[in-house]
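Colleague: Using the hints, position chain B against chain A.
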Amino acid sequence: MTTSYITQVLPRVLIVKRPAAMRVLGDSFVASTKFEIVKAFESPLPLPEFLADQSHPVSAIIAPVHVPVTADLIRLLPNLRLVVTTSTGVDHVDLVECRRRDISVANAGSSYSEDVADTAVGLLIDVFRRISAANRFVKQRLWPLKGDYPLGSKLGRKRIGIVGLGSIGSMVATRLEAFGCQISYSSRNRKPSVPYHYYTDVQEMAANSDALIICCELTDKTLHLINRDVFAALGKQGVIVNVARGAIVDEDELVRCLREGEIGGAGLDVFEDEPNVPKELFELDNVVLSPHCAYTSLEGLEQLGNVFGLEY
Amino acid sequence: MESIGVLMMCPMSSYLENELQKRFNLLRFWTSPEKSVFLETHRNSIRAVVGNAFAGADAQLINDLPKLEIVSSFSVGLDKIDLGICKDKGIRVTNTPDVLTEDVADLAIGLIIALLRRLCECDRYVRSGKWKQGDFKLTTKFSGKSVGIIGLGRIGTAIAKRAEAFSCPINYYSRTVKPDVAYKYYPTVVDLAKNSDILVVACPLSDETRHIVNRQVMDALGPKGVLINIGRGPHVDEQELVKALTEGRLGGAALDVFEKEPHVPEELFGLENVVLLPHVGSGTVETRNAMADLVVGNLEAHFSGKSLLTPVV
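Residue numbers (my numbering), protein chains in the order written: chain A, 1 to 312; chain B, 313 to 625.
Bound-form chain A, shown alone (with noise of 0.2 Å):
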């Protein structure tokens, strides 16, 4: 008796730069019983020669932020049915082609939330309180020469206004209540079951802050939303968190302010052209820096690829 066997053919999901989750978990960040993975970064083939010689057509795709779904892209996969970033953002995938197209679109949800919030809020004390220019003092064995650092800024009562209060905005603020900070927040929409302060302006909440928390999304809205008139309306004592996207904050208009002492102090994990910073950041001690890694958790990062997991 012969068995025949029933080949399921799986879904097809592109990836076309290893992210970095799976340079860290490898294939078992997306392994799944319910997809196949095309991995375009290991064929020494350009793009389009590599989908073209695929013998079944791919279904979705995984981006990064660092591959963005453009149009071009897209129109490479003619049978693309879903996009999942695995990023929250999806400011690199062109939506509007994506409806023309009817293809959904799936970011990564709140898996990285926590870990962003928990950053924002280790910047904003780190820039207050000094923690990554003591810790160079110390280790550079200044401590017995020059004696006492200088002094930083209390945290508590301090006001700090959330701009975008979604999921990151969220915990951002549930985490600064606890250090008895007074939280404002600015948004598309007033969020009626939020006990805080809301301002439709983010200059007059910037006029009342001691600092302000970027975790909006980058749209044509928000793109250098933090800009010369906010700089001037937060103060001299300032200080700017920005863990969203860099192209928020008019970065030329921010170094040329923390240099000539405009602001107080600025916690940086995003940037306008990355990897690349201004150079003039690196000379001042009232700044922290951080390569893009708020959400790199390790355990940030398995929650993700149980999301892509559902997502499927």
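Heads up, some of the hints might be wrong.
[As the list claims (entries may be wrong)] Residues from chain B that face chain A, not an exhaustive set, calculated with beta carbons under 7 Å: (1) D415; (2) C432; (3) C434; (4) V438; (5) K444; (6) F448; (7) L450; (8) K453; (9) K473; (10) A477; (11) P481; (12) P574; (13) L588; (14) V597; (15) E598.
What the hints contain is simulated information worked out from the structure, not anything from laboratory work. Values in this document were obtained by computation on a predicted structure and should not be read as measured data. Even glycine gets a Cβ: it sits at the ideal position worked out from N, Cα and C.
Modeller: Relative to chain A, chain B alone:
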């Protein structure tokens, strides 16, 4: 009051110096090269000592100052003051509780995040240009990790409250169980360390708590556990700590205090799983001014026959 001699043990706050100078005859101990001569000269005019975490009033100093009536410490910790002798001689002692609680607790959390998420190393990574060669490695999540606090006084409680906002389960060790507290009690520090991802030292320094974090505790905390010390250097067996870190038996440490400040063990400087601060727990303009106001307020109250603001003895 300008004739009342107040001996300040070391530089601690220029604001405090100014305020004391306005009201008293301020004598700056650190400016005199010959300390015994200095004390001999001024022994009959010194009626108050102002000390801090580095220098207070030990038995020898108290015995050299026959007119000493009050020791006002610019700290909440009293480990540099011989309280027994002060009690015996009727010398009053005051400290600066409450006003620095929030700053120390804020710093403890800041150190936890800086250590687990490698914020200082990340900053170094960017400044050195290494980001252009590749991403920074993965770090360890803070939210949800268990926090074990040694000492649930004002500062320990403030740390717990903050860590709860990060969904951290809270454990503690204390001489006795605290009845109205929802956190999990462990009867020994070793048990606490075994059951916590992050161990925080937040108790006062005394003979009983010296080296309360010893090799056994560090081994219980383990290669995935981290130690945060915002108490006093002698709470931790520093030699053992260096060995545990260099041998990889302990996951990491963030230290604001050391056994012989300002000296820090050389071996710690090169470790990326270690954050080191120069005793800045209360180091903000706002808090140091509030502490100074308490010191001055206590001295004024004493010398005008009023009740002390924050007496200990």
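Colleague: All the hints need checking, so say for each whether the structure fits it.
Modeller: So, going through the hints one by one against the coordinates:
{"no.": "1", "hint": "D415", "result": "holds (6 Å)"}
{"no.": "2", "hint": "C432", "result": "holds (5 Å)"}
{"no.": "3", "hint": "C434", "result": "holds (4 Å)"}
{"no.": "4", "hint": "V438", "result": "holds (4 Å)"}
{"no.": "5", "hint": "K444", "result": "holds (5 Å)"}
{"no.": "6", "hint": "F448", "result": "holds (5 Å)"}
{"no.": "7", "hint": "L450", "result": "holds (5 Å)"}
{"no.": "8", "hint": "K453", "result": "holds (4 Å)"}
{"no.": "9", "hint": "K473", "result": "holds (6 Å)"}
{"no.": "10", "hint": "A477", "result": "holds (4 Å)"}
{"no.": "11", "hint": "P481", "result": "violated (15 Å)"}
{"no.": "12", "hint": "P574", "result": "holds (4 Å)"}
{"no.": "13", "hint": "L588", "result": "holds (4 Å)"}
{"no.": "14", "hint": "V597", "result": "holds (5 Å)"}
{"no.": "15", "hint": "E598", "result": "holds (4 Å)"}
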